[in-house]
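Chain by chain, the residues:
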Amino acid sequence: MKAILCVDDSRTIRKQMTFFIKKLFPDYNVHTFESGEVALAEIENISDELVGALIDYNMEGMTGIELAEQIVDKFPAGTVSIVSANIQDAVKAKAAELGISFIEKPCTLEKIEKFLKV
Amino acid sequence: MLDLNEDQIDLLKEIFNVGMGKTLKVLAELAGKEHEVIFSLPKLEVIRLADLIKRVGGDDNNVSIIQQSYNGVINGKALMLYPDKSSLELANLIMGTSLPIDEISKLENDALAEIGNMLINASLSSFANFVDKEIKTDLPKVKAGAPEVIFPKEIINDQIIYLDATFTISNKELVGHLALLIDDDCYEQFLKVIDEYNAQFEI
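Line order of the protein sequences matches chains A and B. Reminder that position 39 of the first sequence reads as 39 in our numbering, one-by-one numbering, no gaps. Reminder that position 114 of the second sequence reads as 232 in our numbering, one-by-one numbering, no gaps.
Isolated chain B (complex conformation):
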């Protein structure tokens, strides 16, 4: 059972904040100088993966995900979840195209996969840098459809660290959800490195 106190949550929000900042710098560069990417303050919760899928998936529960396994100081899986119908216009903007909406569905998937990949790696790198350890990531896998098809049964009820990764470029909003699954046998190590980081600033 992953139970985080206020100091641990505060540090994790800051870690994700740095990862998100690096990602948004790249997105802003892709979108062009005239666009500033606006992101809301990170909201971080520990919830079950199944509950996040319900929030993201809407009526049919269908979602698109980018999934990357990671290992190092802690092991687990990082997921970026998008509602099945995300912002096509935003994908257009980021990919620098001006295709009609009905022609960019494939492009949208590529763009969302790229954004997910960037955000996952930036967030995990930020975590590794903060705690001065190493984390390696596997290649991303992109999946879409019903939860029972895309998620292994054994993880659906697992707890996740969830971050709302919604941002806006030129009034176009992209709703994304970052989920960090940590292997059960790494919880203790995870909490230990976070607490060690926080403890060094106690006066």
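Extracted from the complex, chain A is given alone in its bound form:
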């Protein structure tokens, strides 16, 4: 089954992302993790086909960029994005350097749809 990875330290955001993705793609699984470290440890155990990732930037431990650096190759090109309230140009530039997208919080159904349906 196809699946999306969501990594965010906020339970509210993990629920929100899951709700949006299930609304857009009812047949997809959503794998949510509360930190980069946990996501990194668990990603190898995911048997679904990973077709996208939405990753928070500011989290305890590794940042979203640090996580993305390590997992971006597991995803199709253009399907990984940082999703953050930290909207400084310096942070957006880090995402661009890595060749991944940047979605500004607050997250909405429209923003997620625009990214995942491209």
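Misleading hints may appear alongside valid ones.
As the list claims (entries may be wrong) - Calculated pairs, BS3-like style, for lysine-lysine (alpha carbon to alpha carbon, straight line, at most 30 angstroms):
| # | chain 1 | residue 1 | chain 2 | residue 2 |
| --- | --- | --- | --- | --- |
| 1 | B | Lys131 | A | Lys92 |
| 2 | A | Lys92 | A | Lys22 |
| 3 | A | Lys22 | B | Lys251 |
| 4 | A | Lys111 | B | Lys310 |
| 5 | A | Lys114 | B | Lys131 |
| 6 | B | Lys161 | A | Lys92 |
| 7 | B | Lys131 | A | Lys22 |
| 8 | B | Lys161 | A | Lys111 |
| 9 | B | Lys254 | A | Lys22 |
| 10 | B | Lys161 | B | Lys310 |
| 11 | B | Lys290 | A | Lys92 |
| 12 | B | Lys172 | B | Lys131 |
| 13 | A | Lys111 | B | Lys172 |
| 14 | A | Lys23 | B | Lys251 |
| 15 | B | Lys131 | A | Lys23 |
No lab work stands behind these hints: they were computed from the structure.
Following the hints, put chain B in place on chain A, whose structure we already have.
Positioned in the frame of chain A, the structure of chain B alone reads:
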């Protein structure tokens, strides 16, 4: 009595996070492209205003505050508190000046007032946008000195929603404390709009 559950606290942290992110983008632009503003993850607590003043004020309890009343879906006061001696160097950096430390005290107050004003408005706007309601703010008032002089007696023991708003630019730290006072008769409405927001994502 304002009693928040984990889901309510989690949402409020996210709301403040968005407000803080917008503020820091502006600060980063003021400080220049070579500087990234680093901010710690928001810590949110419900405590008494008096207890926050003790934490912020140090030995003499003196603080500087930016205060703005707000009204709309909920009513109350938002405060940004700084220790009496904040980072002069950071004010220098943000205001784009290179004055000697002893000459920028006035400038520092202006800078701190501006940062406080931005953060309060961004946070309240973020709250209003999340819950899809309107909140209006009055003009900011800047005060400094002993708590008994700058805070009305009737609010000193009130509960506040407190957010640690500390951030760093180029290894210079600015310690700020955001406090949200909500009028007693708005508690119920406040909790209602938060719960309604969270409920829409239950599957």
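Taking the hints in turn, this is what the structure says about them:
1. Lys131(B) x Lys92(A): Holds: Lys131(B) and Lys92(A) sit about 22 angstroms apart, inside 30 angstroms.
2. Lys92(A) x Lys22(A): Holds. Lys92(A) to Lys22(A) sits at ~27 angstroms (cutoff 30 angstroms).
3. Lys22(A) x Lys251(B): 26 angstroms, holds
4. Lys111(A) x Lys310(B): 26 angstroms, holds
5. Lys114(A) x Lys131(B): The given pair, whose Cα atoms are some 26 angstroms apart, holds under the 30 angstroms limit.
6. Lys161(B) x Lys92(A): Distance of about 24 angstroms is within 30 angstroms: holds.
7. Lys131(B) x Lys22(A): It holds: about 24 angstroms lies between the C-alpha atoms, which stays within 30 angstroms.
8. Lys161(B) x Lys111(A): 27 angstroms, holds
9. Lys254(B) x Lys22(A): 35 angstroms, violated
10. Lys161(B) x Lys310(B): Judged against 30 angstroms, a Cα distance of about 22 angstroms means the pair holds.
11. Lys290(B) x Lys92(A): 22 angstroms, holds
12. Lys172(B) x Lys131(B): 23 angstroms, holds
13. Lys111(A) x Lys172(B): Violated, because 43 angstroms separates the two Cα atoms, which is more than 30 angstroms.
14. Lys23(A) x Lys251(B): 24 angstroms, holds
15. Lys131(B) x Lys23(A): It holds: about 25 angstroms lies between the C-alpha atoms, which stays within 30 angstroms.
Against the hints set out earlier in the document, violations occur for numbers 9, 13.
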